[in-house]
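2 protein chains.
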Amino acid sequence: MQETHISLAHGNGGRYMRELIDELFARHLANEFLDTTVDAARIVLDSGYDPFVTTDGFTVKPLEFPGGNIGSLAVHGTINDLSVAGAVPRYLTLNAFIEEGLEVAQLERIVSSIGVAAREANVLVVAGDTKVVARGEGGGLYLATTGVGLRDTRVDLGMHRIQAGDAILVSGAIGDHGTAVLLAREQFGLRGEVKSDSTSVFTIAQALLKAGGLHFMRDPTRGGLASVANEIVAVSGHGVRLHEPSVPIQAPVRSVCEMLGYDPYYLACEGRLLAVVEAGRAASALSAMRATAGGEASAIIGRIEGAQRHVVLETELGGERILEELEDDPLPRIC
Amino acid sequence: MQETHISLAHGNGGRYMRELIDELFARHLANEFLDTTVDAARIVLDSGYDPFVTTDGFTVKPLEFPGGNIGSLAVHGTINDLSVAGAVPRYLTLNAFIEEGLEVAQLERIVSSIGVAAREANVLVVAGDTKVVARGEGGGLYLATTGVGLRDTRVDLGMHRIQAGDAILVSGAIGDHGTAVLLAREQFGLRGEVKSDSTSVFTIAQALLKAGGLHFMRDPTRGGLASVANEIVAVSGHGVRLHEPSVPIQAPVRSVCEMLGYDPYYLACEGRLLAVVEAGRAASALSAMRATAGGEASAIIGRIEGAQRHVVLETELGGERILEELEDDPLPRIC
Numbered sequence: 657m658q659e660t661h662i663s664l665a666h667g668n669g670g671r672y673m674r675e676l677i678d679e680l681f682a683r684h685l686a687n688e689f690l691d692t693t694v695d696a697a698r699i700v701l702d703s704g705y706d707p708f709v710t711t712d713g714f715t716v717k718p719l720e721f722p723g724g725n726i727g728s729l730a731v732h733g734t735i736n737d738l739s740v741a742g743a744v745p746r747y748l749t750l751n752a753f754i755e756e757g758l759e760v761a762q763l764e765r766i767v768s769s770i771g772v773a774a775r776e777a778n779v780l781v782v783a784g785d786t787k788v789v790a791r792g793e794g795g796g797l798y799l800a801t802t803g804v805g806l807r808d809t810r811v812d813l814g815m816h817r818i819q820a821g822d823a824i825l826v827s828g829a830i831g832d833h834g835t836a837v838l839l840a841r842e843q844f845g846l847r848g849e850v851k852s853d854s855t856s857v858f859t860i861a862q863a864l865l866k867a868g869g870l871h872f873m874r875d876p877t878r879g880g881l882a883s884v885a886n887e888i889v890a891v892s893g894h895g896v897r898l899h900e901p902s903v904p905i906q907a908p909v910r911s912v913c914e915m916l917g918y919d920p921y922y923l924a925c926e927g928r929l930l931a932v933v934e935a936g937r938a939a940s941a942l943s944a945m946r947a948t949a950g951g952e953a954s955a956i957i958g959r960i961e962g963a964q965r966h967v968v969l970e971t972e973l974g975g976e977r978i979l980e981e982l983e984d985d986p987l988p989r990i991c
Numbered sequence: 657m658q659e660t661h662i663s664l665a666h667g668n669g670g671r672y673m674r675e676l677i678d679e680l681f682a683r684h685l686a687n688e689f690l691d692t693t694v695d696a697a698r699i700v701l702d703s704g705y706d707p708f709v710t711t712d713g714f715t716v717k718p719l720e721f722p723g724g725n726i727g728s729l730a731v732h733g734t735i736n737d738l739s740v741a742g743a744v745p746r747y748l749t750l751n752a753f754i755e756e757g758l759e760v761a762q763l764e765r766i767v768s769s770i771g772v773a774a775r776e777a778n779v780l781v782v783a784g785d786t787k788v789v790a791r792g793e794g795g796g797l798y799l800a801t802t803g804v805g806l807r808d809t810r811v812d813l814g815m816h817r818i819q820a821g822d823a824i825l826v827s828g829a830i831g832d833h834g835t836a837v838l839l840a841r842e843q844f845g846l847r848g849e850v851k852s853d854s855t856s857v858f859t860i861a862q863a864l865l866k867a868g869g870l871h872f873m874r875d876p877t878r879g880g881l882a883s884v885a886n887e888i889v890a891v892s893g894h895g896v897r898l899h900e901p902s903v904p905i906q907a908p909v910r911s912v913c914e915m916l917g918y919d920p921y922y923l924a925c926e927g928r929l930l931a932v933v934e935a936g937r938a939a940s941a942l943s944a945m946r947a948t949a950g951g952e953a954s955a956i957i958g959r960i961e962g963a964q965r966h967v968v969l970e971t972e973l974g975g976e977r978i979l980e981e982l983e984d985d986p987l988p989r990i991c
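Chains Z and G supply the protein sequences, listed in that same order. According to our numbering, the first sequence is numbered sequentially starting from 657. According to our numbering, the second sequence is numbered sequentially starting from 657.
Since the hints were made in silico from the structure, they are not lab data. Among the clues, some could well be false.
Listed next, the stretches of chain G that the computed footprint assigns to chain Z, with coverage defined by at least 3 CB atoms under 8 Å from CB atoms of chain Z [unchecked claim]:
no.	stretch
1	676 to 687
2	745 to 758
3	823 to 835
4	926 to 936
5	967 to 977
Far from chain Z, by Cβ distances over 10 Å, these chain G residues were calculated [what the hints assert, rightly or not]:
no.	residue
6	696
7	740
8	895
Derived coverage of chain Z by chain G (criterion: at least 3 residues anywhere in the stretch with Cβ under 8 Å from a Cβ of chain G; other residues may be distant) [as the list claims (entries may be wrong)]:
no.	stretch
9	684 to 698
10	775 to 788
11	831 to 841
12	903 to 912
13	943 to 949
14	956 to 962
C-beta: ideal position from N, C-alpha, C; glycine also.
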């Protein structure tokens, strides 16, 4: 395409739209299943597995941040939802809502990142759609992705399997993504020392499945670790007790949060996995996680309790703090 | 939920978001596969069929218009893409990008319409995500839907099957949706006499599959009939000749287009189906279409030609007009 910026004509169903789709999107996302001339894409799903679907919207601001951009984030977010369900991600569909005036070069960097992240995760983008909205009716670019994956029919994971006494593990430091996005926003005037943790957790999830004793996995994105813990309490009916000194938090994340008044327990991660594992298998699960690339900083951070219905954080000083369910918005458009 | 308008807190991963999802979305879309506490939904796909996926974004303005709203439009658009591929729609995923300040009552009307349209089409919404963007960064509500369907493995449809001499049929009047949306925009100061044609074309598509001789189907949405015809020319390498007096166009659509300078051949339909059928089977295909509810006004409107590489419209006065590929945007945010 010749144009340097997206115009409304790129959304009208005519030549400009065809060029945008063929010369930008399809070029970076090409695979044997992607055909821009069909209404629906045929996919192949091996028999003997349970198919899983998941979907996510992405509105992060700024569109590019240290450690990733909205494109890599969308791929990671979607394959992570399949991964923590115990499935192997196979196919993605992609929707792009593009604001008039977006620089084509920036769009191309983002779509290129989608292609790279998809290839790294061994998933194929098989269908897509683009819409252009007028200046002032969008945030540059919003993405929506749907993922299809396959899970071994013998796997049973979920909130229903969580029991009192289970150990809670996390695959790395929390709050990196939220902090990186925060720092990337110009109005704070701070330089970004922290990179987003945006990445695939698929390898870690598979290692946990093999290690055994696994009851539940989740990626703590919007609302962070505290929100996942509160959801466990709300759905499973068990309490959650976290041991603050064991929770990995990077020093710069800690100091940025102190400076700006944020609580790292509520900040999004986009490449971390929280696992609930049978107590007797916690040590071997931890070893399995630490043996994966990206899981080296994994830690046992707490346990499931039967006696109470809160998320309790045992502080370094021996006190206790309740991590309440989030009421106000700490950081809009973070994912 | 207690609130009358959407706030940023409805997007933060905490209590407000949970209430929005559980009390508004899940209430209207409830089915045995939808579980708001999981990351990915297990679906069941009967063996012996080819799975198909499709995805679409929706940005129509205004959000509600005579004959439908962005919610029913999203369901119809997605199941129609599966239907014209010859598949039976089974599952949907739904993404909602909601602008801060949207009236909750309006959102509820729209989500309710999604539920009604899905039930009518016998599809289940199995996964969803909501994001809230700040005032001035959205158009009220954008939706993205992905559909999963199943097709008989023996079906072979597509541009590759189109041959010179094939008949072109359409299932009803063209341009109704585009015109209805146009009239619903206040700035034109015209009353809406035209209703959107937004509906499912599944029954018509299945009737055509049974009738035999079917080579290709498409729903002429963005860019209208002229854009589908131009895509046939570009991809199949054959010409398209349309017979203007045979193309069904409602009188009010025609007069609105004349008044405002739009060409109905480029205006979106959201419930029409264009079919390319073997010449000898055109009459029986037409009968099959006319026998369906919603297909009563079906017509044979033209034929595929080998000799030229354009879309030619034979006018009522015996002249010829080339329907060029769309260059400029006739009507943004129409779907």
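Checked hints:
1. For the stretch 676 to 687 of chain G, the proposed coverage by chain Z is not satisfied: 0 residues have a C-beta within less than 8 Å of a C-beta in that chain, short of the threshold of three.
2. With a cut-off of 8 Å between beta carbons, the stretch 745 to 758 of chain G has 6 residues touching chain Z; three or more are needed, and the interface restraint holds.
3. Interface restraint, the stretch 823 to 835 of chain G with chain Z: violated (0 residues with C-beta to C-beta distance below 8 Å; minimum three).
4. Counting residues of the stretch 926 to 936 of chain G whose CB lies closer than 8 Å to any CB of chain Z gives 0, so the stated coverage by that chain is violated, three being the minimum.
5. Only residues whose beta carbon comes within less than 8 Å of a beta carbon in chain Z count, and the stretch 967 to 977 of chain G has 0; fewer than three means the coverage is violated.
6. Residue 696 of chain G, annotated as away from the interface, has a beta carbon of chain Z within 10 Å; the closest lies near 4 Å.
7. Residue-level check failed: residue 740 of chain G sits 5 Å from the nearest beta carbon of chain Z, not beyond 10 Å.
8. Distance to chain Z confirms residue 895 of chain G as a non-interface residue, since its nearest Cβ pair spans about 17 Å, more than 10 Å.
9. Coverage of the stretch 684 to 698 of chain Z by chain G holds [criterion: at least 3 residues with CB-CB distance below 8 Å; count 6].
10. For the stretch 775 to 788 of chain Z, the assignment as covered by chain G holds, since 7 residues bring a beta-carbon within under 8 Å of that chain's beta-carbons and 3 suffice.
11. For the stretch 831 to 841 of chain Z, the stated coverage by chain G is violated: 0 residues have a C-beta nearer than 8 Å to a C-beta of that chain, whereas at least 3 were required.
12. Look at the stretch 903 to 912 of chain Z against chain G: 0 of its residues bring a Cβ nearer than 8 Å to a Cβ of that chain, fewer than three, so the hint is violated.
13. Under a criterion of three residues with beta carbons nearer than 8 Å to beta carbons of chain G, the stated coverage of the stretch 943 to 949 of chain Z fails, only 0 such residues being counted.
14. Counting residues of the stretch 956 to 962 of chain Z whose C-beta sits closer than 8 Å to any C-beta of chain G gives 0, which falls short of three, so the coverage hint is violated.
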